[in-house]
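Novice: Please construct the entire structure, taking both the sequences and the accompanying hints into account.
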Amino acid sequence: MKIITFSLLAVAFALTAKGQDILTGLNDPILGVRIKANFPNGNGLWARGYYIVNQDNSSNFLGLGVMGTINNGISTMDYGWIGQDYHKVFMSFLSNGNVGIGITTPAEKLSVNGKIRAHEVKVEMTNWPDYVFDQDYKILGLQELDAYIKVNKHLPDMPSTKEAEANGIALGEMNKLLLKKVEELTLHLIEKDKALKKSIKKAEQLESNINTVFKRLSIIEKKLTKR
Numbered sequence: 223m224k225i226i227t228f229s230l231l232a233v234a235f236a237l238t239a240k241g242q243d244i245l246t247g248l249n250d251p252i253l254g255v256r257i258k259a260n261f262p263n264g265n266g267l268w269a270r271g272y273y274i275v276n277q278d279n280s281s282n283f284l285g286l287g288v289m290g291t292i293n294n295g296i297s298t299m300d301y302g303w304i305g306q307d308y309h310k311v312f313m314s315f316l317s318n319g320n321v322g323i324g325i326t327t328p329a330e331k332l333s334v335n336g337k338i339r340a341h342e343v344k345v346e347m348t349n350w351p352d353y354v355f356d357q358d359y360k361i362l363g364l365q366e367l368d369a370y371i372k373v374n375k376h377l378p379d380m381p382s383t384k385e386a387e388a389n390g391i392a393l394g395e396m397n398k399l400l401l402k403k404v405e406e407l408t409l410h411l412i413e414k415d416k417a418l419k420k421s422i423k424k425a426e427q428l429e430s431n432i433n434t435v436f437k438r439l440s441i442i443e444k445k446l447t448k449r
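223 is the number of the first residue of the sequence shown in our numbering; add one for each residue after it.
It cannot be assumed that every hint is accurate.
List time: in silico DSSO-like cross-link candidates among lysine-lysine, alpha-carbon distance up to 30 Å [to be verified]: (1) Lys437 <-> Lys337; (2) Lys384 <-> Lys344; (3) Lys416 <-> Lys360; (4) Lys416 <-> Lys403; (5) Lys437 <-> Lys424; (6) Lys402 <-> Lys384; (7) Lys403 <-> Lys360; (8) Lys402 <-> Lys414; (9) Lys403 <-> Lys344; (10) Lys331 <-> Lys372; (11) Lys360 <-> Lys331; (12) Lys344 <-> Lys331; (13) Lys360 <-> Lys372; (14) Lys344 <-> Lys402; (15) Lys402 <-> Lys424; (16) Lys414 <-> Lys360; (17) Lys416 <-> Lys372; (18) Lys419 <-> Lys403; (19) Lys420 <-> Lys398; (20) Lys402 <-> Lys372; (21) Lys360 <-> Lys384.
Keep in mind that the hints were calculated from the coordinates and are not lab data.
In this text, all values refer to a predicted model and were calculated from it rather than measured experimentally.
Specialist: As structure tokens, this is what we get:
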């Protein structure tokens, strides 16, 4: 017969109940569990949610809740240790659905303040630039391109250094732009190859004509010598 043993650990702490609210260290709960804790360098700030705090002056903690002042704050997932401030937030969840890792004010659905490693990243795309190969697509001439580069110091459609540093780059859009430039460059190379082949053919024809002229001159010279 299998014997299952359950262990129950009772933890004692100052607890106050009011209606359906539970609070620790507070007298005015606002729905659910609400905690007011003293965190390193953050005494008196509010933590609405669940925080597991080390008894060593709250220097070690694991939390999930809302950090901030009484009326303001963001949903956070925190982990701290001795010597680290409470506001070292690792994940943030905003009311608009945005999620931040290492950042408390994510402007996108997912904002990461740090490096990301992955085996593969798939970006959904539309309007892939194969339209460059359409017959009615007007490609910028090399002289026009040269003039544009001299003035703007970057390729057409591409962000400038200042814009890229200020706003970052969207990987999907940048891949589209890079492919567009590669396809335009391919068209330029094809045209240059055609022009080069025509030039080579003309040069070969010119060389053949010159050889014919030399042969005729040689014949004439021999006839004149015999006289």
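Novice: All hints, please: hold or fail.
Specialist: Structure-based check of all given hints:
1. Lys437 <-> Lys337: Given that 30 Å is the threshold and the Cα spacing comes to 74 Å, the pair is violated.
2. Lys384 <-> Lys344: 27 Å, holds
3. Lys416 <-> Lys360: Judged against 30 Å, a Cα distance of about 18 Å means the pair holds.
4. Lys416 <-> Lys403: Distance ~20 Å between Lys416 and Lys403 Cα, so the pair holds.
5. Lys437 <-> Lys424: Measuring from Cα to Cα gives roughly 20 Å; hence the hint holds.
6. Lys402 <-> Lys384: 22 Å, holds
7. Lys403 <-> Lys360: Holds - the C-alpha atoms of Lys360 and Lys403 are around 13 Å apart, at most 30 Å.
8. Lys402 <-> Lys414: 18 Å, holds
9. Lys403 <-> Lys344: Holds, at about 21 Å.
10. Lys331 <-> Lys372: 38 Å, violated
11. Lys360 <-> Lys331: Given pair Lys360, Lys331 is violated - Cα atoms ~37 Å apart, limit 30 Å.
12. Lys344 <-> Lys331: Holds, at about 16 Å.
13. Lys360 <-> Lys372: 21 Å, holds
14. Lys344 <-> Lys402: 19 Å, holds
15. Lys402 <-> Lys424: At roughly 33 Å apart (the allowed maximum being 30 Å), Lys424 and Lys402 break the hint.
16. Lys414 <-> Lys360: Holds, at about 17 Å.
17. Lys416 <-> Lys372: Judged against 30 Å, a Cα distance of about 27 Å means the pair holds.
18. Lys419 <-> Lys403: 24 Å, holds
19. Lys420 <-> Lys398: Not OK: Lys420 and Lys398 at ~33 Å, beyond 30 Å, violated.
20. Lys402 <-> Lys372: Cα-Cα ~21 Å, so holds.
21. Lys360 <-> Lys384: 28 Å, holds
Hint compliance for this structure: hints 1, 10, 11, 15, 19 are not met, and every other hint is.
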